[in-house]
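A.B. asks: Below are the chains, spelled out letter by letter.
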Amino acid sequence: MTEFVDTAAEAVASVSNGATVLLGGFGNAGQPMELIDALMESGATDLTVVNNNAGQADAGLALLIKERRVAKIICSFPRQSDSWHFDEAYRAGEIELELVPQGNLAERLRAGGAGIGGFFTPTGYGTELAAGKETREIEGRHYVLEAPIRGDFALIKAYAADPYGNLVYRKTARNFGPVMATAATHTIVQVDEVLEEALDPEAIITPSIYTDTIVGIPTGSGTKQREEREALAAGRRKPCLATKTAAELAAEK
Amino acid sequence: MTEFVDTAAEAVASVSNGATVLLGGFGNAGQPMELIDALMESGATDLTVVNNNAGQADAGLALLIKERRVAKIICSFPRQSDSWHFDEAYRAGEIELELVPQGNLAERLRAGGAGIGGFFTPTGYGTELAAGKETREIEGRHYVLEAPIRGDFALIKAYAADPYGNLVYRKTARNFGPVMATAATHTIVQVDEVLEEALDPEAIITPSIYTDTIVGIPTGSGTKQREEREALAAGRRKPCLATKTAAELAAEK
Amino acid sequence: MSTETFRTTETPLTQDELAHAIAEDIAPGSFVNLGIGQPTTVSNYLSPEKQVTLHTENGMLGFGPKALGEQVDEDLINAGKIPVTELPGAAYFHHADSFAMMRGGHLDVCVLGAYQVSASGDLANWSTGKPGAIPAVGGAMDLAIGAKDTYVMMDLFTKKGDRKLLPECTFPLTGVGCVSRIYADMGVFLLDGSGIVKVRELHGISLEDVRDRHPGVEFETL
Amino acid sequence: MSTETFRTTETPLTQDELAHAIAEDIAPGSFVNLGIGQPTTVSNYLSPEKQVTLHTENGMLGFGPKALGEQVDEDLINAGKIPVTELPGAAYFHHADSFAMMRGGHLDVCVLGAYQVSASGDLANWSTGKPGAIPAVGGAMDLAIGAKDTYVMMDLFTKKGDRKLLPECTFPLTGVGCVSRIYADMGVFLLDGSGIVKVRELHGISLEDVRDRHPGVEFETL
Numbered sequence: 000m001t002e003f004v005d006t007a008a009e010a011v012a013s014v015s016n017g018a019t020v021l022l023g024g025f026g027n028a029g030q031p032m033e034l035i036d037a038l039m040e041s042g043a044t045d046l047t048v049v050n051n052n053a054g055q056a057d058a059g060l061a062l063l064i065k066e067r068r069v070a071k072i073i074c075s076f077p078r079q080s081d082s083w084h085f086d087e088a089y090r091a092g093e094i095e096l097e098l099v100p101q102g103n104l105a106e107r108l109r110a111g112g113a114g115i116g117g118f119f120t121p122t123g124y125g126t127e128l129a130a131g132k133e134t135r136e137i138e139g140r141h142y143v144l145e146a147p148i149r150g151d152f153a154l155i156k157a158y159a160a161d162p163y164g165n166l167v168y169r170k171t172a173r174n175f176g177p178v179m180a181t182a183a184t185h186t187i188v189q190v191d192e193v194l195e196e197a198l199d200p201e202a203i204i205t206p207s208i209y210t211d212t213i214v215g216i217p218t219g220s221g222t223k224q225r226e227e228r229e230a231l232a233a234g235r236r237k238p239c240l241a242t243k244t245a246a247e248l249a250a251e252k
Numbered sequence: 000m001t002e003f004v005d006t007a008a009e010a011v012a013s014v015s016n017g018a019t020v021l022l023g024g025f026g027n028a029g030q031p032m033e034l035i036d037a038l039m040e041s042g043a044t045d046l047t048v049v050n051n052n053a054g055q056a057d058a059g060l061a062l063l064i065k066e067r068r069v070a071k072i073i074c075s076f077p078r079q080s081d082s083w084h085f086d087e088a089y090r091a092g093e094i095e096l097e098l099v100p101q102g103n104l105a106e107r108l109r110a111g112g113a114g115i116g117g118f119f120t121p122t123g124y125g126t127e128l129a130a131g132k133e134t135r136e137i138e139g140r141h142y143v144l145e146a147p148i149r150g151d152f153a154l155i156k157a158y159a160a161d162p163y164g165n166l167v168y169r170k171t172a173r174n175f176g177p178v179m180a181t182a183a184t185h186t187i188v189q190v191d192e193v194l195e196e197a198l199d200p201e202a203i204i205t206p207s208i209y210t211d212t213i214v215g216i217p218t219g220s221g222t223k224q225r226e227e228r229e230a231l232a233a234g235r236r237k238p239c240l241a242t243k244t245a246a247e248l249a250a251e252k
Numbered sequence: 000m001s002t003e004t005f006r007t008t009e010t011p012l013t014q015d016e017l018a019h020a021i022a023e024d025i026a027p028g029s030f031v032n033l034g035i036g037q038p039t040t041v042s043n044y045l046s047p048e049k050q051v052t053l054h055t056e057n058g059m060l061g062f063g064p065k066a067l068g069e070q071v072d073e074d075l076i077n078a079g080k081i082p083v084t085e086l087p088g089a090a091y092f093h094h095a096d097s098f099a100m101m102r103g104g105h106l107d108v109c110v111l112g113a114y115q116v117s118a119s120g121d122l123a124n125w126s127t128g129k130p131g132a133i134p135a136v137g138g139a140m141d142l143a144i145g146a147k148d149t150y151v152m153m154d155l156f157t158k159k160g161d162r163k164l165l166p167e168c169t170f171p172l173t174g175v176g177c178v179s180r181i182y183a184d185m186g187v188f189l190l191d192g193s194g195i196v197k198v199r200e201l202h203g204i205s206l207e208d209v210r211d212r213h214p215g216v217e218f219e220t221l
Numbered sequence: 000m001s002t003e004t005f006r007t008t009e010t011p012l013t014q015d016e017l018a019h020a021i022a023e024d025i026a027p028g029s030f031v032n033l034g035i036g037q038p039t040t041v042s043n044y045l046s047p048e049k050q051v052t053l054h055t056e057n058g059m060l061g062f063g064p065k066a067l068g069e070q071v072d073e074d075l076i077n078a079g080k081i082p083v084t085e086l087p088g089a090a091y092f093h094h095a096d097s098f099a100m101m102r103g104g105h106l107d108v109c110v111l112g113a114y115q116v117s118a119s120g121d122l123a124n125w126s127t128g129k130p131g132a133i134p135a136v137g138g139a140m141d142l143a144i145g146a147k148d149t150y151v152m153m154d155l156f157t158k159k160g161d162r163k164l165l166p167e168c169t170f171p172l173t174g175v176g177c178v179s180r181i182y183a184d185m186g187v188f189l190l191d192g193s194g195i196v197k198v199r200e201l202h203g204i205s206l207e208d209v210r211d212r213h214p215g216v217e218f219e220t221l
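Protein chains in written order, with numbering that gives the first Met the number 0: chain A, 0 to 252; chain B, 0 to 252; chain C, 0 to 221; chain D, 0 to 221.
Rather than coming from a laboratory, the hints here were simulated on the basis of the structure.
No false leads were slipped in.
Pulled from the structure, derived: some chain A residues nowhere near chain D, Cβ distances all over 12 Å: (1) Thr6; (2) Ala12; (3) Leu194.
If we take Cβ atoms under 8 Å as the criterion, some of the chain A residues that face chain C in the derived model are: (4) Tyr163; (5) Ala197; (6) Pro206.
Ideal Cβ placement from N, Cα and C applies to all residues, glycine included.
Let the hints inform the model, and build the full structure from the sequences given.
C.D. replies: Given below as structure tokens:
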């Protein structure tokens, strides 16, 4: 049954040393920044972290890495212009890196949540990221066997939760959230809005069975969503809607 | 690009002899009855059909089987009280049956649509439906290797399509539709409503990339959906909402 | 929750009493799949306060009782193809997601009927292996292995008096080592994969009789 | 659609001309993924009448140009983490569904940059294999194998004058035999896995020079 808590600190209180933690987000979209900050405060260490990246600048995951609280990271794209804390830890040999193509990362998490023991993927075949892995030719195409990933905890950001614990997301902030929610023993969610009514059963992205702990934390997502809602209610176009095509914009230059 | 046609006959006109056809539906819910009737009329034969069942009574798939137009069926539950046409064809050795546990059927279709070459599933391990299949112990659990299923065509029923070819479904009529849409080279959809506006991008279940041919055919689903919409608009409860719990109903007896 | 001490009554449980007993053992807030047929009756004893959510493998969490009158909607059915109702908080999803939910071990309890169960928890409930019969498996094999706990609801003996709890199943298997509890008219038995059957309750039968009628099966009381 | 006959011009194509040429070759109604960087500029030449739908692997079909002013929404970004806009008919989905769409071969065209391409269509675009460099692959390997056609957009030679089309890639591979066309400043080359490179267009270079500067690679004109 989903529990609702009041603070990010309470939400992450059960994350223990040595845990495998799935962190949602792609860039800033869908990144559970306030939960990660609380995890930082909690002191949990020796973590294995699964995330698309390996932290940026001086915030969130980057700080966890800076403090050497992450023993291992499983990700697709650690190196960025502002990934200096990861870069330093990696060069010092103080963090283990498992580099996984982004789609294999998503599919391994999906397999973890779906009870699949392993799957043959064409992605990465013949590359050094498949070195040492079992391969197989199936109907003329080459595949690599990949294993599921499961987490003890998932920390994700959704847009809204209903009182039953069902979730909806917002635009491309959805990204890894729904998959990670299925792949963790304990899924912790920060949402901009905790609703008083049930969500439309047809539009739910993450059913309540996958959510364990939810905390409401207003962020910029809420501001934008209210703007969008007001615009639509007033019969105006969505603010994020394109007004011109790329071709038109290019022609203007 | 998705094409919109006016009749079920046009929609299925391209289904050729010998094709593998994925048929949506679980019971009557989501069954593309009018498309199947049109397929019957089209004369296409020597088909391999993938469906959860093997036809019921004297309609739809059962008639295709009666006329010996189905050379092989891949399904989970052929035997029903009213599956007499399948029963007769099967006993006469005039239809090939591949029996697949329902969840493996769904996952094999999903793998077909997702470019997965094969996957290890725990379902069926140690049973006669896994006889002769590759097995593997992974982290203490036993799995069977299953292969993807793809179709030349999928015939499915959704609730509504927008002008771009995106789909939403209705309640448990969703079932196999979204998965089959991903697993076929050519996906043919019957919908109750062809909308004039774009669907909410957050609520789309099948994106337009998976739909090839759409035909609008009003059915009982549309009637129920309009009733539901009117009830909600008038501030009444949804007609399908439970008024009492099973425990309350049982206590009344 | 069950109190795990050995209990007995003089008479076998009725089907309703059995359904009630299973419902009592389902923890509040659980996500549960009730198999087609007799297991469905368990829902009659799940009080709303327990907030148990029912899953149906054709793509829904949070369905309510059988639909009546204007509630009937042919797009809203359970796995037994019976029209059901929707409860607030319900969610719909497609077949692959539904079985991923099951296979991934996210359901707390699944209650199934059985032809036979072995002492080590093997289940046979989809086929009696009769030659010439047309096979049909549906979701049985997925359900068998798809919950944290798989409970079997059955009579301890067939109408002909044959035992259904065996050293090894003789009918084709549905799943291997998957059953954790048997709720039978004559008793409740806990299976842990060791092959030793723990007897939690007996109803209208003595432990001695249970042992006599199940040669080759080892029983222990709690 | 391209007319498949051999063509030449006197001067190499500019980057904009190259983007235009690729856009011209994308069929109306296509679903397309444009890689980060230079390939993104192809969208500047996709006229709305063509109804080409753009996919971004972080979970969206139907995004529009870069967001400006009040359009900017940090929850709406492309794979390059640039804020973009939404077009009518757009759809959002999660990461596993997004990559399933790609891996399952549902995209018509993917346009990528490259460090190197081999005559048999191997692609190297994620790592130069420099010792001590921190590796990062992102979606490169998924994109490489994830469309019906993978087009590479690149200069034919590096700034230092090294060739990028080789008998075999020397940098770590992104994908094997996955590239079907190279759109380069100096020409358009079709690869079919045979190892023989079909030359469709040459710009500012002669066929003889192409052959001279690519020892070990076999070229044929269309």
